[in-house]
Every structure is written in C-alpha cells, then in structure tokens.
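Chemist: With the working numbering as the guide, the letters of the sequence shown map in order to residues 1 to 106.
The set of hints was computed from the structure by calculation and includes no laboratory data. One thing to keep in mind: the hints can contain errors.
With a Cα cut of at most 20 Å, we get these calculated PhoX-like pairs of lysine-lysine [as the list claims (entries may be wrong)]:
id : residue 1 : residue 2
1  : Lys28     : Lys4
2  : Lys80     : Lys53
3  : Lys6      : Lys28
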Amino acid sequence: MGNKIKAVALSALVLPGLGQLYRGSRVKGGVMILLDNVFILGGLFIAMRSAGKLMLAARGGGMDAERVLASIQTDSPYAKWLMVGFLLLWVYGVVDAIFDKESQIN
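All chains should be modelled from the sequences, with the hints used to inform the complete structure.
Modeler: Written as structure tokens, this is what we have:
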C-alpha cells in the first residue's frame, strides 16, 4: 500500500491529522488533532449538559420524543456548528493527505 493511501486512510478512518503526522507534517497534524479534540469535547459537553437537564425533567414523569428533541435544540444551539466544524476538518484532512506536496515522505 502506498504512503499516500495510508495517509488518506489514517485521516479518513481514524482521526483527521494522523495522515498528516504519518506523511511528516508534524505541526499541521498536531494542530488538526488539537482541533479534533476541541470539537469532540465541546460536543460531548453540550450533549451531557442537555442529557442532565432532560434526566432531571423526566423525574416527574415520562417525556415524549418531540419534547426531548425540542429541549436539545433549545439547549444546544452550538452543537450544529461543532458538527460542521468537525466535518470540514475531516474533509480537509483527507484532501490534504491526498494532495500534500510538502510532506517529507512521498
């Protein structure tokens, strides 16, 4: 398997930034992994905050699906932006792993 294919597979399947590290771009790969962690941890924080409020609200009785969805949408307006940011970073990681001409390993 060629180095370019391995780099793309690492970036696409495992974590954006690993392909850049594999190809020798340490700074770019490190920044991408740092940003991945910010997006993932931010999403987990928002999800846990919403889940906690829902569990407290459900103590008194059952909750229907529409109420749960409405609660999550009002409590976490930034969740969509975090997901979009992560997806853009993922696409950039794959494209950069394919077309990077400045890496040390070719």
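Chemist: Now tell me, hint by hint, if it's right for this structure.
Modeler: So, going through the hints one by one against the coordinates:
Of the pairs offered as hints, the one joining lysine 28 and lysine 4 holds, with about 16 Å between alpha carbons and a cut-off of 20 Å not exceeded. The straight-line distance between the Cα atoms of lysine 80 and lysine 53 is roughly 19 Å, inside the 20 Å bound, and the hint therefore holds. Among the hinted pairs, lysine 6 with lysine 28 is consistent with the structure: their alpha-carbon atoms are about 17 Å apart, no more than 20 Å.
The structure shown violates none of the earlier numbered hints.
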